[in-house]
Structures are given as structure tokens and as C-alpha cells.
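Peer 1: Chains as they are written, first to last, in the numbering used here: chain A, 2 to 203; chain B, 1065 to 1407; chain C, 0 to 361.
The set of hints was computed from the structure by calculation and includes no laboratory data. Take these hints with a grain of salt, some might be off.
Residues on chain A that point at chain C, a partial pick, calculated with CB under 10 angstroms [stated by the list, open to error]:
1. Ile50
2. Pro68
3. Thr75
4. Ile98
5. Gly188
6. Gly192
Calculated lysine-lysine pairs in the DSS-like style (CA-CA distance at most 27 angstroms, straight line) [claimed, not checked]:
7. Lys235(C) with Lys145(C)
8. Lys112(C) with Lys1231(B)
9. Lys151(C) with Lys1231(B)
10. Lys1231(B) with Lys1188(B)
11. Lys89(C) with Lys188(C)
12. Lys302(C) with Lys349(C)
13. Lys57(C) with Lys37(C)
14. Lys157(C) with Lys100(A)
15. Lys1231(B) with Lys173(C)
16. Lys37(C) with Lys89(A)
17. Lys1188(B) with Lys128(C)
18. Lys100(A) with Lys235(C)
19. Lys154(C) with Lys89(A)
20. Lys1231(B) with Lys154(C)
21. Lys125(A) with Lys112(C)
22. Lys112(C) with Lys100(A)
23. Lys89(C) with Lys140(C)
24. Lys69(A) with Lys2(C)
25. Lys188(C) with Lys225(C)
26. Lys1231(B) with Lys302(C)
27. Lys203(A) with Lys69(A)
28. Lys145(C) with Lys128(C)
29. Lys157(C) with Lys188(C)
30. Lys173(C) with Lys89(A)
31. Lys100(A) with Lys140(C)
32. Lys203(A) with Lys1188(B)
Ideal placement from N, C-alpha and C gives every residue a C-beta, glycine not left out.
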Amino acid sequence: MATKKSYAGEFLKGLWDENPVLRMQLGLCPTLAVTNSAINGFSMGLAVIFTLVMSSTIISLARNIIPKEVRIPTFIIVIATFVTIADKMLAAYFPDISKALGPFVPLIVVNCIIMGRQEAFASKNPVGRAIIDALGMSIGFTITLTILGSIRELLGVGTIFAVQIMPSSFEPWMVMVLQPGAFLTLGLMIGVANWINARRTK
Amino acid sequence: MEENKQPVSEGKTTEKKETKATPAAKEKKSEKMFLLRSSPHMATTDNVPRIMWTVIAALMPAVVYGVYNFGFSVLLTILWSVIAAVVTEIVTNKMRGRDMKNGDGSAVLTGLLLAMTLPPGFPKAYAAIGSVFAIAIGKQIFGGLGYNIFNPALLGRAFLQASFSVKMTTWTAPVSMDAITTATPLGSFKFEKVMTPYFDLFMGRIGGCIGETSALLIIIGGIYLLIKKYADWRIPVSYLGTVFILGGLFWLINPEQYPDPVFHLFSGGLMLGAFFMATDMVTSPVTPRGTWIYGVGLGIVLIVIRLFGGLPEGVMYSILFMNAFVPLINRYTRLKIFGEPKK
Amino acid sequence: MTKSYRLILVLTATAILSGLLLSFLNIHTLPLIEAYQKQVLNDALSGVLPGSVKIEEKIFDNQQLYFGYNQKQQLQGIAFLAEGNGFQSKLRILVGMDPGLSTITKIKILEQKETPGLGTKIESDPSSKTDVEWFPNQFDKLNAGKSLSYVKNQKPDKSAGEIMAITGATISSKAVIDIINAALQNTRKILSNHTDLSIAECTDDAVFNEEGFDPQLLPRGAEMIKTDNKIFLLNKDRQGAVSDVSFIASGEGFQSTLKIVVCMNSDFTRIKSLEILEQDETPGWGTRVISDTTRTDEQWFLKQFQNLNVATGTIRVGATANRQDGIVQTISGATISSEAIINILNVAIKEYRAAYLNRKVN
């Protein structure tokens, strides 16, 4: 954080340069676990957007009040509160999605992206910047998960967001919606991202 | 024998072996360790393409029998698989900026081995997908021939098994053009406790994958490889031996529940796996002691899967599973360099 | 010192705020979540217990049982939850059966996370052109007299309790069958330990014609015996033991002859149910014994007799009904009709009990 970025730059870094999944390899557990369909990846992303933006806002506002000795417990309480809110809201209003995401919504608590942003950014920056950073990071996360989920759903079921894309003669590649499919697809996506980056920097 | 084998796996394989085997030495000494090799140095005519084509030749009896057994269409399956493998090899090498002047035949072998492990009625386009996966993901992503951890053909098969498991377990009866489904000897024992006569098992007049049914012809090809020293005899001996002993133990405990050891040896893809896949130079250990550990491990995993797993057959997974341990085995069983101080 | 106070203060404040927020949230979302879960279960229950308008839940030794009753308070079916491990996940299956637990009515997979595309076919199979739920639908009207079993590559025999396994998901298919078998066995055990649940239910009124019992319509397992000029209909459970005895009591009411089907347990100490076969009482008054439109529960009068203890020998009239003491309430405005029924029953039970207990057992 030596050089102050513009607001746009603060937002955009989350989408590519510091993309939490593709570039920093953070939050891989939910990434691998829930992306067996586009909608699951997308909903997980939305839950993270909510949790990250809300926690970053609160932490950034309270950054001068929180003593640094207890900052981690405080962060955890704040994050856990918003995760619980997200979890309960999903269970109450979108029970199907809540069922599909299973235990991974409560597990957002230990998602390194959220903790990492509080520690590295929100606790050191004014609230405007913290929100924009949180938005960029979580939207970057959401986009990545949606793409990952779409690829897996397309090859593994033949649909994207439950819309039939492949011709009916297409035999789904079951492995893509199974756990190995997550590792294969994510590995290839990270590979492609590195390749693009290598070309850009050249 | 080891001297004979070392020049065989010339180039990349040797490089890998050295770097893997002596990380400590590499730190202390210098990069020159790569080039040093203890005498005697032996001139040899063996090289990678020669080995690959010999292995392919050794597979031919089983392939021809597969075509005779399951009909002409399996020949097309094999062709599709081989062509897809070769095309993928060329394309990926281009993408990686590598020269493809000297085709080493390894892609042909991978495609052929993959096809031999497919059920006879398997759709040809899917066989091609398996080959693409085997070469691109199974081999080239790791850095090409010599760097791959897992046997590419089996990785391709594992991908197909996970993707199209229904088609991968639909078996056609021998010589019936109109896809009559049947069960493999292992399947019928596991699920219905029906034994297949030994003679049929040995000759290969049974349901199963294209190239795995005739134990006799695979053994002939395998022994040819052993004589040419292109395969380490310790691997089939320890693999088959472990299966025989362990399978026999369980059979003695409860002959009702578990099949006898002879049945274990000649059913499924064990012979093909033991002679042609587990012995893959790149993905098997380099030290004699390591080879024994590897073979025994293969046998244990196979018996566990066959007797207690959900699947009737476990050759593929036993080999892939033990492949993962090969770097570790190499590390702990490496030969002491003469004069190296004891720790 | 002030430093530590500040640490404690900040943490405490955060925790309290968070707690307040969450409890507020919980108050709002909990009813919604519970309503949803209840609705899922109810939908499933009415699916597996067709024809039941009222479903009662009872729990025995960790096994949830659901009893479905029709308009006339007759047991229509029993559902139970079967739980166990599938291929890679826990399966929860709701199984609906007939009251005798001999035939499966329908099953519903409530929860499974099996291999997508393979094991998930136990719930629905998108690749099927004809019926995506072909696997669970195989259980419809399946004979469960013996244990269920599965077959492969051949047509299953429904009357033998056979199910066609899913190609490529044999283990998941087998798990469903094993789980149902285990839960069914457990349920049978529970029900045989709790005989008061009256599972082998009193005979349906369809068995009667104007004369009395119709031998043509006897249900499976039932037997008609005649002893001392009295006719009994015996219902038997699967072990062949008599689970209940029905007979027809008749006598004069206020202005007509009443014919009442009485169903009792096999030692004649308890009435299981009453059914008025024939009556011609004063409309609006005497007919209240069957249907009392002045009450929300129109069948309240007859219901008093369900599970009524008659070990003392007589049914008595009282101000408040008490099943254990054999006391029933009369209908105000139709006292004579009410009392007539009680008298008919008292006489009939005495006669029939003597005849039944003294019958020649061969």
C-alpha cells in the first residue's frame, strides 16, 4: 500500500492483478467445493460480496477504536456476524440455494479472502477505499467462481445456469461436476491466467 | 542390468532421476553432478523411439486377438485413439515451442494402451477424448515424456471412467456384432458369485476390455519385453506374486466369499497392467529395492480394491495410486554413491 | 491498566452488538425456516400417504412414525423415515406403507448427495426420456412382505419386492434398498411392541353389505368364524395372531333398528372402533350419533368409543368422557339414541365376548 491507487485502480486490482483465486490462490476451499454449477458459484460469490463489503465497512469505520492487540478476535466476531446473517437469510428466503451450498456458507467465516482484506486493507484505510477494495475483491471472486462453475456445468451437465447449451446428443463428462473436475478446471484456469499475465508483461 | 537400463532411459528420464535422487548432493556439490556418471559406460543402440516401437510390437498379439475376439469395429476404436493421441502430441508440442522432428512413438503407445483398456463397444469419439486428455493433461502439462508422474494412458482411462462410467462398464460379449451386453469374469464373481472357467480366462474368450482378455498373448508379449530388458522383471514378479499370495490368503480364510488366487491372476486387466503399464520406465522406481516396494504396493492396493472396494477391478487405480509414490520411493531407496559419508 | 480496560470494553461491546443483531435476525428468520422445513416434510408426507387428511407424528426409539388417517379417522397408512449411508452421502428416505406394513405405497428421497449424474438418479434421472423419477417410482405399490432386493439387466418382479438397480450406480441403488429394509424391520419391531397402536386395523366398511359381512369382500388375512350362532370377523397380523375381532351388534334405538359394527381387540377388553351400519333416527337429533353438525368435530360421539376400555364389562354414561374408565358422554337432545347405542353395545359385548372366548379352538 505504498503508492496510493486511484479508486478505479483499487477496484480493478481485485478483478485481475490481485484476483483472490487466480492470482493469490485464496479461498480455494469454497472455490473447489461449490462450483459444480454456475448458479452455485454465483450465489457463493454473492454471499461473499455481502459479507466482505459489510465487514470491511464496519472494520474500516472502527479501525481507530479497535486496539491492535484484539483486532483479530474483533474481526472474527464482525465477520461471523455477517456470515450468520447471510446464512440465515439464505435459509429463510432461498432455501434451495442454501441447501445446495450446504456448510460452505457458514464456512465463509474462515475464508482467507475476508480475513485477509480486513487485516491487509480495511483496518488501514478510510471507509470509501475499504468498500471499493472489498467490492473489487469479492466481485473478482464471484466472476471467477461463476466462470469456473459455468465451465464445469457446461461440460458436466451440458447447461449453463440450467439453460441447455449443448446439443442433446452431447454426453456429459461426469467427472467435471465431481471433485476432480474442480481441481482440473481451476488448475487450467490458473494456468491460463498466468499465461495471459506472462504475455502482458512481456 | 542396471547399467543396461540407464542408457536406455537417456535424456530427460535420466535428468529427472538425478535431480530427484540427489537433492542434498546437488546443494553441496555443483551442477556437474548431472553429467557425471560412474563407469562402466556402455555403448548401446537403444533409444526412446526404439523402445516405444518394441513395446508396441510386443502388444500386437493381444491387439490382434482383441480384434478377432470383439470384431472389426474395435480396430477403428484403436485407430481413433492412436490418431487422437498423435495429433494432440503434435499440437501440444507446437504450443510449447518444441520441435517434433523425431517422433518418439510414445504418443502412439499411449493411444494404443488406452484403447486396449476400453470396453469393446466404447464410442470411438470418447476414446479420442480420452487420448487427448492422456497426452495433454496426463503428460505434456507435467513437462512432456520423462516428467509425467502418472501413466498417461491410465490417467486418460481414469478420466473416461469418471466421465462416462456407464459406457465404461458396459461390456460386449465376444464376437457379437449386435452389442449383447455381458459381465466380465470379475464383475460376475463380485456381484453374482459366478466363476469363469480357467481355460477361457487364460485364452481370453471372455468379456472385458479390448486388449486385456487373453492372458496368454499378453504374457508372451511381456516376456519378450523382459528378455529385451525394456521392462524390469521385478515389477511383474512382485506385483503378480503379491496378488497371488494375498489373494490366496483371503481365499484360504473364506473360499465362499473370495475368489482363488489363480482367478485373480488371469482375470481383469492384471496381466496387461503388470507387464505393460506398471513397468512404464518413467513412472516406476529406478532402484531395484524401490521396484520391489512398488510391486508389492501395487498388489496390496489391487487386492484391497477387488475384494473390499465398490469396483470389481482395481488394476488402473492400483497403478495410478502407486505412481504417486514413485518419487518418494526413489528418494528413500536411492543407491549410495561410492564414498558418500554415512549419515 | 486503562489499556486492558479498553481491550475488554471493545471486545465486549462488539460481542454484545453482534449478539443483539443476531438474535433480532433469528426472531425474524426462524419461523420462515421452520415453516419451510415443515412444508417440505408435509409435502413429502402427503405424497407418500395418499388419501390421508390427518397425519400424526409419533416417535419411538428414535424412529419417527407418521400415521395417516382419512376423513373417518381410519388408519390409511404408515410412513417412516429411513436413514443410512449411501455411496458417498447420507440418505434420508420417507417411506409410505399400507397399515399392515406389507406393501410400500410410495417413497420419497428427502436428502441425498450422491455422485452427480449417477447416484443422484435414485432421486431423478434427467437422461430418462419417459420418466425422470423412474427409480423412486419403482417402489410404488411394491410388495414388501419379504425383504426388498435388486436385480440387474432383467425385469424386476414387483410382487417379489424386486427393484431394478441403476446402471453405474448399483451401490447407491443397493443402499436405498438396504436402508428401507432396515427401517422397515425396525418399524415392524416397534409396532409389535406397541400393540395399542392397532396397526392391523379394523376391517374397512367396504366388507359389509346389508346382511352383514360379505364373504366375497373379505380382505387378505381375514377369517370369518361362526360360533354359537354368532358371526365374527377376525383380522390377523402377519404372524397369524388375531389382531382384532369385529361383529355386528343390533338393537332398537329411539325410533329405528340400529346395526353397529363393533371392532374390538382379541381379548374383548377394548373397543377399537364403531361403525353404524344402519339407522333411521330422528333427522337432526338422533342422527347426531353419526354426524353432529352443532360440533366442530362431527363424529365426536362415535370417537368416544375408540380405544374405550370395557374390561369392567359395561360402558357407563357420565358427565365427562373417560376412556380408561369406560365412560362416555351422551348427546344432549338425543339422549335416548345415545343411551340406546350404549345399551346395545353392553348387551352385545357381553354375549359376543362369552361366545368368542368359549369358542372351540382347533
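Peer 1: For each hint, tell me whether it holds in the structure or not.
Peer 2: Hint check results:
no.: 1; hint: Ile50; in the structure: 19 angstroms, violated
no.: 2; hint: Pro68; in the structure: 5 angstroms, holds
no.: 3; hint: Thr75; in the structure: 5 angstroms, holds
no.: 4; hint: Ile98; in the structure: 12 angstroms, violated
no.: 5; hint: Gly188; in the structure: 20 angstroms, violated
no.: 6; hint: Gly192; in the structure: 25 angstroms, violated
no.: 7; hint: Lys235(C) with Lys145(C); in the structure: 17 angstroms, holds
no.: 8; hint: Lys112(C) with Lys1231(B); in the structure: 22 angstroms, holds
no.: 9; hint: Lys151(C) with Lys1231(B); in the structure: 16 angstroms, holds
no.: 10; hint: Lys1231(B) with Lys1188(B); in the structure: 11 angstroms, holds
no.: 11; hint: Lys89(C) with Lys188(C); in the structure: 24 angstroms, holds
no.: 12; hint: Lys302(C) with Lys349(C); in the structure: 21 angstroms, holds
no.: 13; hint: Lys57(C) with Lys37(C); in the structure: 15 angstroms, holds
no.: 14; hint: Lys157(C) with Lys100(A); in the structure: 34 angstroms, violated
no.: 15; hint: Lys1231(B) with Lys173(C); in the structure: 20 angstroms, holds
no.: 16; hint: Lys37(C) with Lys89(A); in the structure: 17 angstroms, holds
no.: 17; hint: Lys1188(B) with Lys128(C); in the structure: 24 angstroms, holds
no.: 18; hint: Lys100(A) with Lys235(C); in the structure: 45 angstroms, violated
no.: 19; hint: Lys154(C) with Lys89(A); in the structure: 47 angstroms, violated
no.: 20; hint: Lys1231(B) with Lys154(C); in the structure: 21 angstroms, holds
no.: 21; hint: Lys125(A) with Lys112(C); in the structure: 43 angstroms, violated
no.: 22; hint: Lys112(C) with Lys100(A); in the structure: 11 angstroms, holds
no.: 23; hint: Lys89(C) with Lys140(C); in the structure: 25 angstroms, holds
no.: 24; hint: Lys69(A) with Lys2(C); in the structure: 11 angstroms, holds
no.: 25; hint: Lys188(C) with Lys225(C); in the structure: 32 angstroms, violated
no.: 26; hint: Lys1231(B) with Lys302(C); in the structure: 60 angstroms, violated
no.: 27; hint: Lys203(A) with Lys69(A); in the structure: 42 angstroms, violated
no.: 28; hint: Lys145(C) with Lys128(C); in the structure: 32 angstroms, violated
no.: 29; hint: Lys157(C) with Lys188(C); in the structure: 24 angstroms, holds
no.: 30; hint: Lys173(C) with Lys89(A); in the structure: 36 angstroms, violated
no.: 31; hint: Lys100(A) with Lys140(C); in the structure: 30 angstroms, violated
no.: 32; hint: Lys203(A) with Lys1188(B); in the structure: 42 angstroms, violated
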